[in-house]
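Peer 1: Okay, here's what each chain looks like letter by letter:
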Amino acid sequence: MSADNFLEVRGLKKDFDVGSPTLFSRAPRNLHAVDGVDFTLHRSEVIALVGESGCGKSTLALLLMGLEDPTDGKVILEGRDITHLNDHERKDLRRKIQMVFQDPYESLNPTQTIEEIVTEPLAVHGITNSAERDDRVKKAMEDAGLKPAEIYLKRYPHELSGGQRQRVVIAAALVLEPEIILADEPVSMLDVSIRAEIINLLAELRITRQIAVIFITHDLGSVGFFADRVAVMYLGRIVEIGTMLEVLEKPQHPYTKALLSVIPVPNPRLRRERIILQGETPNPIDIPSGCRFHPRCPVAFAACKVSDPPMVTISRTHQAACLLLVK
Amino acid sequence: MQTTLSPSTPQAKTAKTASRLQGFWHVFRKNRTGLIGLGMLATILFTAIFAPVIAPYDSSSTSSAGISDIYNPPSAEHWLGTDDAGQDVFSNFIFGARVSLTVGFFAAFISIIIGGVFGLVAGFFGGRWENFLMRFTDIFLVIPDLPLMVVIVALTKPSLLNIIFVIGLLGWTTTARVVRSQTLAVKSKKFVLRARAIGAGKGHIVTRHILPLVMPILVVQAVLVVSLAILNESALSFLGLGDPTALSWGQMLNYAFGRGAMSTGAWWALVVPGFGIVWVVLGLTLLGQGLEKVLNPRLETHHLMPGRSPVQNEADLDVPGKGALLEVQNLSINYVNDGQPPARAVENISFTLKEGELVGLVGESGCGKTTLMLALLRLLPAAGQIVNGNVFFGGKDLVSLSDDELNDIRWSGISIIFQGAMNALNPVRPVDEQISEVIIKHLPSFPKERMQGRVIELLELVGIAADHKDHYPHQYSGGMRQRAMIAMALACNPQVVIADEPTTALDVMIQAQILELLDSLRKKLGLAVIFVTHDLGVVAEMCDRVLVMYGGVIAEYASVDVIYNDPKHPYTQELLKAFPDLTKPKKKLSSIPGYPPRLEALPAGCRFAPRCPSVFDRCHTEQPALHILADEHKVSCHLVEALK
Amino acid sequence: MNRTRAFLKKTAWSLFTIIFVIILNFFLFRVLPGDPARAGIRDPRLKKEAIEMLRVRFGLDKPVINCFESLNPIEVGSCAINPLDTQFFIYVRNLMQGELGISYHTNRPVADILAERLWNTVLLIGAGQILSIVFGVVFGIFAAWKARTSVDYAAVTTSLIAWSLPTFWLGIILLFWGSTHGFPLAGKATPGMSSMPLLQQWGDIARHMFLPTLTYTIVYMGEYTLIMRSSLMDVLSEDYILTAKAKGLSTFQILKDHALKNAMLPLVTVIAINLGFTVAGAIQIEAVFSWPGLGSAIYEAVVRRDFPILQGAFLLIAVAVILANLIADLTYNFLDPRVQTE
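Residue numbers (this note's numbering), protein chains in the order written: chain P, 4 to 330; chain V, 5 to 648; chain X, 13 to 354.
The following block holds chain P by itself, in its conformation from the complex (with noise of 0.2 angstroms):
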């Protein structure tokens, strides 16, 4: 792994306004979706991003998209800073970053055939040479396994299954040739026949096309193999982050090892003790005090509610904020 910053991510923060001030309460309200969240991405590295619902992370994927504006902190893109752009130079960042959306079902536009919606971002983006045009659409169906190209184009979305869809949905996106593509949940609508395609294909397509992939899933169970690095995620925060094998083998953040214990193995002989969490992830609206994990926390101790546990560094790639760690 090169040790170039590609991507790096600075404190990035989202807080949404929820009702603002009532009659009776003068406070307003906000929702900290994404609450700080540090890390760095690699040219052609894999980084999977998982969390819970309410954890932030769909949150986080908008933000990098340019799709919302943060509240607070830095998105730098080859030194660049691309947080604030305006209308022309958000259209040209589009190209490198693309993204993939979880429902095939919804994100395809039911009125354009196949040939459109990959023709679309090429469209959109002014590339009109026709020769130029046909080549790259045909050639990013048939890196997004729709071979040969020609029997999709003139079909419509509600003629292909689901991970076809998929594949569309990633044609579309390969089409403007992106150095990093955003994977929002992309399997999890599909069937388990069918979700490693869809995984596998990505794995391809950074050795081909040396696509760097932000892997946004709730599922700790699909990152392996094919993930570099794990960051987990727990109420707008990155709790912890590390290569796949440490975060898998070695978690240190009780969040993560809770978390871990919980995804079923499918083996029967292997049934482990489960560290169940009691209660739910709470509101994002008010978040705990001091640590804030430290509500659910089996091994949670006084200084947890006052004190917000920093990043501790645990080996030179991992990280896990936890009081307990803290030497």
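Bear in mind the hints are in silico, worked out from the structure with no lab data behind them. Heads up, the beta-carbon is just placed ideally off N, CA and C, and yes, glycines get one too. Warning: the hint list may mix true and false statements.
Unchecked claim - Computed spacing ranges between beta-carbons, pair by pair:
{"id": "1", "chain 1": "X", "residue 1": "Phe-264", "chain 2": "V", "residue 2": "Ala-509", "range": "26 to 34 angstroms"}
{"id": "2", "chain 1": "X", "residue 1": "Ile-35", "chain 2": "V", "residue 2": "Gly-262", "range": "30 to 38 angstroms"}
{"id": "3", "chain 1": "X", "residue 1": "Gly-215", "chain 2": "V", "residue 2": "Ser-192", "range": "36 to 44 angstroms"}
{"id": "4", "chain 1": "V", "residue 1": "Ser-524", "chain 2": "X", "residue 2": "Arg-17", "range": "28 to 36 angstroms"}
What the hints assert, rightly or not - Below, computed lysine-lysine pairings styled on BS3-like, alpha-carbon distance capped at 25 angstroms:
{"id": "5", "chain 1": "P", "residue 1": "Lys-99", "chain 2": "V", "residue 2": "Lys-206"}
{"id": "6", "chain 1": "V", "residue 1": "Lys-528", "chain 2": "P", "residue 2": "Lys-94"}
{"id": "7", "chain 1": "P", "residue 1": "Lys-94", "chain 2": "V", "residue 2": "Lys-194"}
{"id": "8", "chain 1": "V", "residue 1": "Lys-193", "chain 2": "P", "residue 2": "Lys-99"}
{"id": "9", "chain 1": "P", "residue 1": "Lys-150", "chain 2": "V", "residue 2": "Lys-206"}
{"id": "10", "chain 1": "V", "residue 1": "Lys-193", "chain 2": "P", "residue 2": "Lys-94"}
{"id": "11", "chain 1": "P", "residue 1": "Lys-253", "chain 2": "V", "residue 2": "Lys-206"}
{"id": "12", "chain 1": "P", "residue 1": "Lys-157", "chain 2": "V", "residue 2": "Lys-194"}
{"id": "13", "chain 1": "V", "residue 1": "Lys-445", "chain 2": "X", "residue 2": "Lys-273"}
{"id": "14", "chain 1": "P", "residue 1": "Lys-253", "chain 2": "V", "residue 2": "Lys-590"}
Based on the hints, put chains V and X in the right spot on chain P.
Peer 2: This is chains V and X only, laid out in the frame that chain P set:
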């Protein structure tokens, strides 16, 4: 605005539109309501356009009328009689169509444009625009239309043009609302977000992604607005506010009613113009209904429609095996839709459930697992029919019971925990009522004064505090709703609980909580559970035995250890390879090529054959039998024949 | 607390709409030809003193509003005048005192005439609404429950036809039929009835009401049937109905306990939205049957160009509809638990 070069040439574009219209027509022509409406509308349009040719008399042939010509009954000369001015009613009717339709179409055009633009702008841009436009719309929505029209027309000159503008300018409110909500719905779709992610500008998004999906709704709305405009015009004219020089149907009625048709008994002068209005409005309404059904097809079916009665087969009335609580024998279920061959959703399924046992039912979407579970209690949708087999429970065959007998067994003997408890709980009734309801139904002797105590006991059993008991489902979180559903399922102490994907929509940690709860309750209460899921991991952690389904048939049925460590069916083997395993993070996942079979196009032989890595000739022609390998290991694959 | 807030918000909004209608009502009659007050004093039959009285009463010698001496034709005037000294303010002040002007035709105060007629309209709409809702709901329930059977097809077809009938035309047809079957042709009571015993008077009113109410019921029942059917169809295909079925409840119990309330909620909204249309229906029906209500007041005012009546009747109807709408809206909030606690 972004000027985008269309990906296809103009000709191709037209061809595409044409083919979409063709596709639309293909569906529409099967819709009887819509066709009748279209026919009715076409007739009247034809009449209006060719009025001078069709009408036997010129529209202004009054000059020759004398007293004796007034209100003549229908005759050979005047098919529909004459009116108060001695004019031919039939001719006036035909020319009246022109006036009424003109007003209707032009007024509706104005309304649709205003409403469409308002709705689109409010829906797409949101924020202040939306606030302002929708407040404005709300005001006009509550001010009664017709009185305001009456006031304005009464104050101005009653000319056709004025009437068109007044009706048009006051008739846009519903269109604005409808278009706004459709725009909002389309805007929230992921493909719009994806278009933004591509870098598309607002203009591109509106023209390429929003409009194509708002247009159909606008067309339906337009049809309704035209009919309302025609009704309003006729009402205004009848009230004496019509253009006296343009004889619309409403104007004809105004004259006839005001000038003694009633007292002379000249019914024809009253019936004929009204018939015209009804004809057009009904035609438009039917057309609108038809379009609506084509564009927004809904299955006209619901859970209370009488199901198809099961095909009885008393021939192999085996006594259920010893210790078996529930025994399913050779159960087959078809979906029967008119005009199509029956779809074989579930075929020849047999399994048993012993006391205190947890059987997992695994399969991908569309494999028939939910259909099978619903069939056990005969809860299939109206199109589903049990065509073979028996379900023995408590010494009775549930397939052949009467509805009343079955209602006694439902929930008290076998209860179900449904997937996604948000929709499985009634949103407008408090949770405690929904629980006590089943106790009242099945344990009528249960003392009323202890009811609250019992409900609290059940809720506490699943970890819900007593003070949440009278809350409504929307006040619960997803996990709590699923807990409430479990409490409800246990309310009548059933022997068997069917859990149909009980944790599918939940987060991993909540899922673990629910699974833990189910497992502990099962042990505590000695329940037998059928656990339906697509998650092989969950099955491995909880189940005693596993039934793997593929395309409506049993692929493999064995103890959990055999399924995971010695599977014999290629589908089971492949499925395990596709499933991620945390303990082997380096394992490369493989997928099964192809897609599960569609029920209406099942392969001739083995249903897994098209995707099977070990397929051979016989698989394509002959459906494999269910081979019994060991006492409780059954596999339906030709390959295992040799192993027997 | 949220419920109180919603209540306050909706009430304030209705108030705002009423103010809008009041302003609209004033300017509509000033901008378009036909200022009721101004036209009134041109009536040659009036004595000089009467004209003078009207002039003072409606402030006709004063400018219409700041900056405008008159709006039809437009005459710009001084903006720097006391706003209390304009026709608009005098109109508002008169309105506050229940003063709506004087009818040209009868020379009686408009407010008195409308007050007499308001209750007749309320009686007609009330009876018609209740009947059409009851029948519409019942037919809708049967149509949905027996979906795709002949019961359903019959109910839907009848409803579509009923919906397509112009109200006044159906009234005419029923009147035509009624005239040959001994029903009274016009009005609310037979002249001379007031000396009869109370019971007989009521019977007479009921006989007069029968045909108008029947017209009303037929026209609106169709729509309610269709809406109830589709609403109930939606509810009956929900998962919680399957739950109820799995619980072993009978069809009757499911309909009663799990479907009806859920299906009726959208109907409340539709009834609220429909109030404007019901008034339109009432105008037509009253015109046909000469029922002495607000609708026929409007009809007569149009025929006689009696603008003060027209202006007053429109204002009264609009305000009544807005208030009725508010009540329906608040009822909905009260009935749906999902609104209360969000």
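Peer 1: Take the hints in turn and mark each one as holding or not.
Peer 2: Tested hints:
no. : hint                                      : verdict
1   : X:Phe-264 x V:Ala-509: 26 to 34 angstroms : holds, 32 angstroms
2   : X:Ile-35 x V:Gly-262: 30 to 38 angstroms  : holds, 35 angstroms
3   : X:Gly-215 x V:Ser-192: 36 to 44 angstroms : violated, 59 angstroms
4   : V:Ser-524 x X:Arg-17: 28 to 36 angstroms  : violated, 43 angstroms
5   : P:Lys-99 x V:Lys-206                      : holds, 21 angstroms
6   : V:Lys-528 x P:Lys-94                      : violated, 61 angstroms
7   : P:Lys-94 x V:Lys-194                      : holds, 19 angstroms
8   : V:Lys-193 x P:Lys-99                      : holds, 23 angstroms
9   : P:Lys-150 x V:Lys-206                     : violated, 33 angstroms
10  : V:Lys-193 x P:Lys-94                      : holds, 21 angstroms
11  : P:Lys-253 x V:Lys-206                     : violated, 48 angstroms
12  : P:Lys-157 x V:Lys-194                     : holds, 22 angstroms
13  : V:Lys-445 x X:Lys-273                     : holds, 20 angstroms
14  : P:Lys-253 x V:Lys-590                     : holds, 15 angstroms
The structure shown violates the earlier hints numbered 3, 4, 6, 9 and 11.
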